[in-house]
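S.K.: One-letter residues, chain by chain:
Number of protein chains: 2
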Amino acid sequence: MRLNPLFYPESVAVIGASNTPDKVGFNCLESIVYGGFRGKIYPVHPRYDEILGLDVYPDIIEIDDDIDLAIIALNQYSTAEIVDSCAEKGVRAIISIAGGFREVGEEGRELEKKLVERARAHGIPLLGPNTLGIINTDHDFYATFYPMRLKKGNISVISQSGGVGLSIIYKMMDEGAGINKWVGVGNRAILDFSDILRYLARDDGTDVIAIFMEGTERVRDFLNAVREAVPRKPVVVYKIGRSKKVEFPALTHTGSSVGDQRTYEGAFRQYGVIQAGSVRELVAKSKALALCQAPEGRRLAIFTISAGPSLTVLDALGNLCEIPEFSQSTLERIRERMGDNPPLVIKNPLDVAAFGFLPDDFKFFLSAVLSDPGVDMVLAITIQHKNWRFPTPEIIEVARSHSKPLIICYPAENDVVKPEMERLQMNGIPCYSTPEDSVWGLSALLELERIRKRMDKS
Amino acid sequence: MRLNPLFYPESVAVIGASNTPDKVGFNCLESIVYGGFRGKIYPVHPRYDEILGLDVYPDIIEIDDDIDLAIIALNQYSTAEIVDSCAEKGVRAIISIAGGFREVGEEGRELEKKLVERARAHGIPLLGPNTLGIINTDHDFYATFYPMRLKKGNISVISQSGGVGLSIIYKMMDEGAGINKWVGVGNRAILDFSDILRYLARDDGTDVIAIFMEGTERVRDFLNAVREAVPRKPVVVYKIGRSKKVEFPALTHTGSSVGDQRTYEGAFRQYGVIQAGSVRELVAKSKALALCQAPEGRRLAIFTISAGPSLTVLDALGNLCEIPEFSQSTLERIRERMGDNPPLVIKNPLDVAAFGFLPDDFKFFLSAVLSDPGVDMVLAITIQHKNWRFPTPEIIEVARSHSKPLIICYPAENDVVKPEMERLQMNGIPCYSTPEDSVWGLSALLELERIRKRMDKS
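For the record, the sequence lines run as chains R and B.
So the first sequence is residues 3 to 460, counted in our numbering.
So the second sequence is residues 3 to 460, counted in our numbering.
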């Protein structure tokens, strides 16, 4: 595919590589090295001989190898100039890092126009300018100026903003969610949301596409790409633009209008996009979608050792789902386990209080609720206690014999909870650290169910 | 004060103490010991001699000491019976742990009526029944059945639900926010929100009161207590009841109707309550209020090294604040530092991109923005990078010479960020791990400013 040299290059030139650790040109190079890239790396700079143990070339033309991807880490003035050399060298894709283009005014617009004309003339796909770059964990390829290594997974991210894109990355890592590909589209002078979205829609490593956007000029093309992508995999979008106050700053950020938010949101609803209103919501929803299939129906059971959190979940879910009564046999199993006169009312949401503190007991009730034929999905909540452990292995065991989506809430983010969350998620069970994050997880799956059903009908 | 024996007891009896670690009666006792209580602890049980190295008394009457507080960890049937013995012993307050009272139906209602009658007859303030208990970190007193030790601070919490109350505790610990007192009001048979709220409003250790509520029958009394408390200190309330689906489960939880949500919300607005819609929002808002004074006005400056997060903040804040232009002298200072043709637009929100990566540079721009006479408060955002450290000491230094509220966003919650957050907060600067949490912090301060101004006028 046309964008393979961008995501899966065998050889990369970093033009403007520096040996000063606080320079973008150093960090672009170090990011690739630090990320464990196994292809060839060629730093380009007229004055250095060696950086990070790599031979430096004075000019891209002088590299004695084919170059799949050129990363241009020069200032805005030099960037456009260098595209011709890249073309002469036969590079198959370009990432253009620097800002200072159309987002800053008239002079920048001229520079960007020149950059676009040259890249188009040579037929080279160009990402940026004004971008943090690209990450493909599937290729151990980290072409940004924030060196890092990420947990691998099946979520891919498109972000108009490097900073919000980094927030999404860090939040995904906090949440134990794995990333497959990450793309900062920046000014989208050539490659826009639609191009990246179409690539990811067909990418085997990507099961969920998470997008942060400010706005694009090519709205129709973007929405067409959305419409094509949604039947293949869930698309979650966090788009800003509710407040008029973001219009001008967005223009000075990546040069685009945020557009009419209602138009976007209407189209998102129509085309089956799952919407998010914050970084946290985007990540929470993507995580559930990355780990779970859509439920068969909309009937949710909640099982908890403390009623309050289940009430906050019910309140936030509103009419998004049904809360069915349990079947007679489920009620009997529960009653039998509790004995006579339990100091609580047996119902859905099921709060078993102290009856469910110990792992074996938790397992019993979870199994009863998950087995109920009138239940399509389950949220189970328990709370960290000094004197007993989390019922993680028991939950995993119960989940193995059911195909219904199961979401867990262990409300805290500390060193005790994190490894439990990891373990659940390694076994395909999303785990959240607040009731409200769990609501996002549930609602993503409920929305997916609705979208899938609608598509089956049409 | 009447409730001092509840919060500051010198001697405590735990009736129904057990030596089995998965029993509530054991955990109530262990919680007090583990918490470091320095008063006298008397376990009461007819069949044990010693638990956790403490002598066990067969009956509260036989304790050869005055008892300030009795914690009753018996089942619902025995609880009402024991109140007479507590009265005979002269206890000055009671915590009644077990559920199984009016929340479960007719039989429970009768039991609760009996419990209330007896406690009232003896004039003993009673917390519960159906409560997790009480924590007073100021007295190293942890009377719940979840043994823990908390970071001390100036936020006090009232929660109708033990589980949501625990979520709040864990989230506060995750956020590095300190707790002063924590009260689970449960069924509120005698002591209700109003009583605890009035106590905390006059409590020197409490600067902010955070409340989770489902509903109360004594709405007028509660709202009167709110009206009295707000002029003394900020009150933040997360109340559920938007969805009709919570009505019945709430009734079976702590026996109360969630009531008419619009009535509550209208009164909250009228009386100057800061509202929250989730545990996370409650904690984020309480943290800002615990560390900062209200700003003098509503003019916010945002300073960031990446524009995107500042846009998400603007979008979420909407019209809650003004985003003023910087003064000429501020603009000149910034321009001078950047040199000719910086590849960005200098404005508010101020995105300085790579100009602010290093701590000294970050400090310069933060100082410029915070010094602007047209700015009342500042949000500053930076992002974790492998090759440079967070500008934490520089931020602290700049903040020292200004009295304007300053909020920091370091977007991640990992082991690198947590100690930085701690350090900032020890110096009175709230730090958040997403742009949207920062919005909650900012909006709490902006709401406080509005409330204070309105009160000054009236």
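One or more hints might be untrue.
Copies of the same chain look alike in the list, so a pair counts if it fits in one copy or across any two.
Using 20 Å as the maximum straight-line C-alpha spacing, the simulated SDA-like pairs for lysine to any residue come out as follows [said to hold, decoys possible]: (1) K116 to G38; (2) K153 to K388; (3) K420 to V35; (4) K455 to D24; (5) K388 to D51; (6) K153 to G37; (7) K247 to D61; (8) K388 to P149; (9) K246 to D86; (10) K42 to I398; (11) K388 to R339; (12) K42 to L360; (13) K25 to P60.
Keep in mind the hints are simulated off the structure, nothing from the lab.
S.K.: At most 20 Å between CA atoms: does that hold for K246 and D86 within a copy, between copies, both, or neither?
M.R.: Neither. Shortest intra-copy (40 Å) and inter-copy (65 Å) distances fail the 20 Å Cα cut-off.
S.K.: Please sort K388 with P149 into within, between, both or neither, judging by C-alpha distance up to 20 Å.
M.R.: Between copies, since 6 Å is at most 20 Å while 38 Å is not.
S.K.: Under a CA distance limit of 20 Å, which applies to K247 and D61: within one copy, between copies, both, or neither?
M.R.: Result: close neither inside a copy nor across copies, 44 Å intra and 68 Å inter.
S.K.: Should K388 paired with D51 be assigned to within, between, both, or neither, using CA atoms and 20 Å as the limit?
M.R.: neither (58 Å within a copy, 24 Å between copies)
S.K.: Treating 20 Å as the Cα threshold, decide for K25 and P60: within, between, both or neither.
M.R.: within (18 Å within a copy, 74 Å between copies)
S.K.: Pop the pair K455 and D24 into one bin, within, between, both or neither, using alpha-carbon distances up to 20 Å.
M.R.: For K455 and D24, neither the intra-copy (51 Å) nor the inter-copy (46 Å) Cα distance is at most 20 Å.
S.K.: One pair to classify: K116 and G38, alpha carbons no more than 20 Å apart. Within, between, both, or neither?
M.R.: neither (34 Å within a copy, 71 Å between copies)
S.K.: One pair to classify: K153 and K388, alpha carbons no more than 20 Å apart. Within, between, both, or neither?
M.R.: Classified as between; 16 Å across copies, 30 Å inside a copy.
S.K.: Evaluate K42 and L360 at a C-alpha cut-off of 20 Å and name the case that applies: within, between, both or neither.
M.R.: neither (54 Å within a copy, 30 Å between copies)
S.K.: At most 20 Å between C-alpha atoms: does K42 with I398 qualify within a copy, between copies, both, or neither?
M.R.: Neither: 43 Å inside a copy, 44 Å across copies.
S.K.: Pop the pair K153 and G37 into one bin, within, between, both or neither, using alpha-carbon distances up to 20 Å.
M.R.: Within one copy, since 12 Å is at most 20 Å while 38 Å is not.
S.K.: When no copy is named, should K388 and R339 be tagged within, between, both, or neither for a Cα gap of at most 20 Å?
M.R.: Neither way: K388 and R339 sit 25 Å apart in one copy and 53 Å across, limit 20 Å.
Checked against the numbered hints given earlier, the structure breaks hints 1, 3, 4, 5, 7, 9, 10, 11, 12 and satisfies all the rest.
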